[in-house]
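Throw the hints in and build the complete structure from the sequences for me.
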Amino acid sequence: MVASRGVRHDSMRARNLAVVLGEIHRSGPHTRAALAELTGLTKTTVSSLVADLLEAGVVTERGAVRGGERGRPGVAVSLSGHRVVTLGLEINIDYLAACVVDLTRTVRLRRTRPADNRNSDPEHILHLLRDLAKETIAEAEADGLRVIGAALAVPGTVEGETLRSAPHLGWRDVRVGDLVDLPFAIDNEANLAALGELWFGARETDFLYVSGEIGIGAGLVVAGSLFRGTFGLAGELGHVVVVPDGPACRCGGRGCLEVYAGQDTLLGKLDSVSELVSRLESGDRRARETCERAGHALGVALTSAVHLLDPGMIVLGGVFAPVFPWLEGPVADGLGTRLAHMRGAPPALVVSGTGPDAAVLGAAGMIIQRIIAEPAEVLGLQ
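Sequence positions in the sequence shown follow the numbering used here and run 408 to 789.
The set of hints was computed from the structure by calculation and includes no laboratory data. Some clues are possibly wrong.
What the hints assert, rightly or not - With a straight-line Cα cutoff of 20 Å, these simulated SDA-like cross-link-like pairs (lysine to any residue) come out:
#  : residue 1 : residue 2
1  : 450       : 435
2  : 676       : 691
3  : 676       : 501
4  : 450       : 482
5  : 676       : 660
6  : 450       : 481
7  : 541       : 554
8  : 450       : 422
9  : 450       : 485
10 : 676       : 646
Note that the coordinates shown come from a computational prediction; the quantities given were computed from them, not determined experimentally.
And the structure:
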């Protein structure tokens, strides 16, 4: 497939920078000569653009690959992980997290602070997160890295730079856009976790990511892109009804998946997920029965999701990842029984490849994607 063609006009320099960097990101490393052929730009233009990208620290030239002049080996241009990095941040119910990721998607720093953020004071929590971000940025800069931008994952609905509703935090209409003095973005935790799984978990391009936390969210990735829905609210799997006359849910309904398979239900009186895993490994009957009930409810909800969305794969993440060995059977049995009438096998059920880091990695990855798509604007190469 031929790559997007560049435009030979000085006024389109920003576009051409994106074309060249995008080709390096998508299929590199390449020689300058190969980049000229792939993009349709002249060799002189490509050399000038590569020089700008080298100076900005987003690419590097080294080694030898095929594609030089007249078949001779040429110097390879590839993404650089030595200078430009992005910052991912996350507010979870019981911790704050930050990670620094370079353009090769290598994690350079990872910091987590335990915290009880339920029904919390937004100003206090954002102050703690701001301090964590500043400390993480300072540590990255001390290593010679340049933090270009940041994104934040939150357990709630987002509009612009405002967190509209995060019921488990007890927050409504909280502006977080001035959290750091960097280009900044904010998105729902499940959305960013799905993107983290796509970019860092080496998944197929079509899958449904299920984020098991106190609430249960989902992110649908189609053809390598996140499906958000008309108002950005797609993925509220936790409020799919699995038992119509079941217990009351915080949303006002009854019998929602969250009541049966959310983190609070799975843990019960236990203090942590690691304690639950220890009980499961030791054969504790009550812990195993709790997981079996949760898996059954999850199978019911996912059956509806499969009927509606037809994903090629279902990825279980969040709290579901460490207990996957005990959830997999009940969920798979439920899917298999309810989908037996469909042609072909049910979608593959797999555990997250990014574990608890999915959302914070997706946040950092969002800024990496912006750099690739708009290097002139994001890096100041005007």
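Hints, verified against the model:
At most 20 Å may separate the alpha-carbon atoms for a hinted pair to count; residue 450 and residue 435 meet this at roughly 17 Å. In summary, the hint linking residue 676 to residue 691 is supported, as the alpha carbons are separated by about 14 Å, within the 20 Å threshold. The straight-line distance between the Cα atoms of residue 676 and residue 501 is roughly 16 Å, inside the 20 Å bound, and the hint therefore holds. The straight-line distance between the Cα atoms of residue 450 and residue 482 is roughly 14 Å, inside the 20 Å bound, and the hint therefore holds.
A threshold of 20 Å between alpha carbons decides the hint, and for residue 676 with residue 660 the separation of about 24 Å lies outside it, so the pair is violated. For the proposed pair residue 450 and residue 481, the alpha carbon gap of about 13 Å is at most 20 Å, so the pair holds. Between residue 541 and residue 554 the alpha-carbon distance is near 11 Å, which keeps this suggested pair within the 20 Å criterion. At roughly 16 Å between alpha-carbon atoms, residue 450 and residue 422 fall within 20 Å of each other, so this suggested pair holds.
This hinted pair checks out: residue 450 and residue 485 have alpha carbons roughly 17 Å apart, not beyond 20 Å. Of the pairs offered as hints, the one joining residue 676 and residue 646 is violated, with about 23 Å between alpha carbons and a cut-off of 20 Å exceeded.
Against the hints set out earlier in the document, violations occur for numbers 5 and 10.
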